[in-house]
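Protein chains: 4
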Amino acid sequence: MLNSRWFLEFTTKDEGSIQSLIEVIHSSNTEFQRLEILKLGSFGKCLILDGKIQSTEADEFIYHETLVQPAIMSMERPEKVLIAGGGEGATIREVLRHGSIKEVTLVDLDREVVESCKRYMPEWHNGVFDDPRVKVVYDDARKYIESSDEVFDLIVLDLPEPFDSGPVQLLYTKEFYSIISGKLTTSGCLVTQATSSAVHNCSAFKIIGRTAGEVFPVIRPYTVNIPSFYSPWGFIFASNATDPVKVQKKELENKIRKVEGLSYYNSDIHYSLFSLPTFLQKGFKEESRINTDDDPISFY
Amino acid sequence: MLNSRWFLEFTTKDEGSIQSLIEVIHSSNTEFQRLEILKLGSFGKCLILDGKIQSTEADEFIYHETLVQPAIMSMERPEKVLIAGGGEGATIREVLRHGSIKEVTLVDLDREVVESCKRYMPEWHNGVFDDPRVKVVYDDARKYIESSDEVFDLIVLDLPEPFDSGPVQLLYTKEFYSIISGKLTTSGCLVTQATSSAVHNCSAFKIIGRTAGEVFPVIRPYTVNIPSFYSPWGFIFASNATDPVKVQKKELENKIRKVEGLSYYNSDIHYSLFSLPTFLQKGFKEESRINTDDDPISFY
Amino acid sequence: MLNSRWFLEFTTKDEGSIQSLIEVIHSSNTEFQRLEILKLGSFGKCLILDGKIQSTEADEFIYHETLVQPAIMSMERPEKVLIAGGGEGATIREVLRHGSIKEVTLVDLDREVVESCKRYMPEWHNGVFDDPRVKVVYDDARKYIESSDEVFDLIVLDLPEPFDSGPVQLLYTKEFYSIISGKLTTSGCLVTQATSSAVHNCSAFKIIGRTAGEVFPVIRPYTVNIPSFYSPWGFIFASNATDPVKVQKKELENKIRKVEGLSYYNSDIHYSLFSLPTFLQKGFKEESRINTDDDPISFY
Amino acid sequence: MLNSRWFLEFTTKDEGSIQSLIEVIHSSNTEFQRLEILKLGSFGKCLILDGKIQSTEADEFIYHETLVQPAIMSMERPEKVLIAGGGEGATIREVLRHGSIKEVTLVDLDREVVESCKRYMPEWHNGVFDDPRVKVVYDDARKYIESSDEVFDLIVLDLPEPFDSGPVQLLYTKEFYSIISGKLTTSGCLVTQATSSAVHNCSAFKIIGRTAGEVFPVIRPYTVNIPSFYSPWGFIFASNATDPVKVQKKELENKIRKVEGLSYYNSDIHYSLFSLPTFLQKGFKEESRINTDDDPISFY
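Residue numbers (the numbering used here), protein chains in the order written: chain A, 26 to 325; chain B, 26 to 325; chain C, 26 to 325; chain D, 26 to 325.
For the record, the hints were derived by calculation from the structure and aren't laboratory data.
Treat the hints with care, as some may be off.
Unchecked claim - Restricting the straight-line Cα-Cα distance to at most 30 Å, the calculated cross-link-like pairs of lysine-lysine (DSSO-like) are:
| # | chain 1 | residue 1 | chain 2 | residue 2 |
| --- | --- | --- | --- | --- |
| 1 | D | Lys77 | B | Lys77 |
| 2 | B | Lys283 | A | Lys64 |
| 3 | A | Lys274 | B | Lys310 |
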């Protein structure tokens, strides 16, 4: 017998996904967005903002390991990390796997999202919000970074897609990347999630990569599949000095050996992630649009 | 304004996908299945059997290149190829990119599917059905292979998933792989599509891999993302003597240089495909079920 | 922004309805069926059995008044009533509006449904389960009626549709109506819900009417629209002696004046309900199939 | 096996309907709206404007007979009729069943809709566009009526719902009804479709009725169920002198006898239509909002 309760998400105007719905764990309208924590038949518990799945119990490890580990494993001894977004706490969790870390600042606009994740989603944060190295700030990430006096070894942009309104659009522009560039240590790195990398829907991914390439001498686009996103997903690594593809395998394996609890990432995966299919290699070469504050892209 | 016409596919009992529907190009009930050729807003033209997307204009190149090229590029001079299923003709197309090929036999159960693909889907077959090296047989693939006197350099199983009824279930068993093993040349290879490799839905993939491993000394599971399948997808490469991971990069690049028209596959991708995430490496090690004629798995 | 949680019901193989889902109040698998009590954006709280809406907070008064009042208002001084199904308690509530009632027996197969309705749906039963005139029996309705020594003034069949399996199919047959006929007082009446009366989907309605007409000299099919059923809905009134169309208007209005709390039914509605559109008048005349235990209809 | 092609319509923000889709007969974007003529598994061929079902092969007779016959059957010898909207031609067809008719003017904004209906939907218009008494004008209905020098015996407003933009909103206001009042013969009548009459969604219906009551001394709201609208549907009859409830039954039956081809409407139905359930009687009494050009209602 077919299930009678469903979660429905339109990922583009032409595509959507439906998932059987077990339970409504929490639902509210925060100051900034519609927040839902649902239990789905397919992916278990999941966080949904404005109707879009952000991460799920079943596969958040793929997203969060892939967001954090390739960059952090490519660095010498990262100490200070800033995370924009990432209210689930799982990005902090991935950062704190590394013994060198001294300070993690999470900047999220929406206190209610972070509080709800803390309360209902311990599988994600695993208690990291209580770690003394972790600081949580409720603010617009761009404003916070711009006005900060600090520099960071790693800045992770764990943000929603740049939909056609709201401040998130200005977190994918050349101007913002320039601000970030000024707040990184010499070998410091930036990683941002970068929307779908599916062949029929990857223009935002290419523009974000091209835009980061205007600011940073090293950029490495990479992709992974997160089943609950119904699409392969893109990320952009950028740095003034560090190149994850050039890390020695032996060195990498030494680091990985010291880290516990990884379920997706390993040394083979590290290099594979950065191997792009021919159509994407070409796509990045041919992309000419640069994303600016004046005329920011909208994903949907 | 929201579209009003949609294609709906349940991929598991808990998950489905909806795609805006532009046009019904062809729809019929064949002797064996329900056949639809639709034009979707997202993926363009696509072939649908019993309500399941088989391949689409936008991303069939990912599926078909990934099904064929890693194996065929790992072989010396393959000459004779057998394809089971693959009525669209795109698997033949991928095989015929290689100058050494002398004979391709396609065995499909359903003449009406092949005829309709020929007629409505030239983007896939690109005229290969008219190539003198191509032979099409309408028969049950297992029966055909079993009773054949020939041996092949490459056998490609381009089949629907092993749903819970019908002959296709017997095309994923140990007994069938043993039959195939006896019909391969010494360095001959088998590739089969092997269902979803998504973390929450990869048990069939692991069982198929484990089963092939009972028969063949070399097996290499690999995965790729095909957006229209809404899930990362698994394949199993198997052979008595050939190992695609051990092919020399230089040699591989020489071969690739001679081949035209590839949009996904390249030498970096070749090796990356076989890098499995940790959870899958573990999963294949721990899988104990072997798929047999007596008690074949059902995917859905 | 589109809602993200939906209730989905296929009412036929070609038609379905989706309703925004606010809350899952209760969900369980009983001994007999899947039970859900959901809160919907459109209709408020509702009872769902095996994925089919049974009644909703917003419009249950239409269904329950229409099921009970036309018959009961047509009778002299009904005292004993039997209800088959109707676990929500709202059918009892409608019966107990009438001062003459001395005893109401509700026979429902599924204790868990009745207990859950009692607990979660007070808007329906309004406490009637505590009324000393009410007796609840957990049994198969046919078996219970057949083996009962009692006679009733009114028997109300408040049942799910006759889907293609299970005992409910045998509660719409000629044999069952014959049993009922023997358990009614001289002027006693039977009312049964009788599935959709929509023009493209009313064959079960006509067959049920034709079948009752084989047993009872007076039958009066009638229809009403219950929005949450997405279709006009049919009922069959049957009796050996009472005809609701022949009740005097003045007399009817006297009775109605004594009854409180009706929101749908009134004296104009009483007569209007029995006015059938031409296509249904014709349909009932032409229908030849009689529903029997040997070959019972299936609605879906 | 579940169908794979579906028509999806959201009727309110909380409710939608899905219907299996057989064929896309025609689809285009006209100057004014999105036009689709689809064949559905449930209702056969149907006309869809901006994603909303307007009428279907299976049940258009219910809508069109109910829109036209109660008014026209209540008049002496109607000769001149104006129809606003109604591009399918079925409203003309219903009017022309009456021998007294000398002239029917159809005013529709969208030539492409009328032309497409003529071509693809002969089941509706049955050739009436070729009748010499029929005149088709492509114009805004309000502008046309306002500037016309003629008076009409019957004006039928066969319009889409007053959604929140576009000129159709001004076809449900007090000002428009006042214009119409000045263009009717002494015993002339107005009928308008008046949106859903479902208990949880009937506020527009009540406002339209209340608004017509500000202009006309006689108003008679009535409702019918059109299955493809997934809801009982409301209509408002209004006149300066004619009251359909007061027509003598004998006289009515004489007229009906002369008319051929009716499948829904009959003399019993005539009176029943105007019997409102208690909640609607009360609703119309209590409604205080009058719909005006300044602040017109929006249905959705």
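Going through the hints against the structure:
Restraint check for Lys77(D) and Lys77(B): the C-alpha separation of about 28 Å stays at or below 30 Å, so the hint holds. With a CA separation close to 51 Å, the supplied pair Lys283(B) and Lys64(A) exceeds the 30 Å bound. Restraint check: the Cα-Cα separation between Lys274(A) and Lys310(B) comes to about 24 Å, which is no more than 30 Å; the hinted pair holds.
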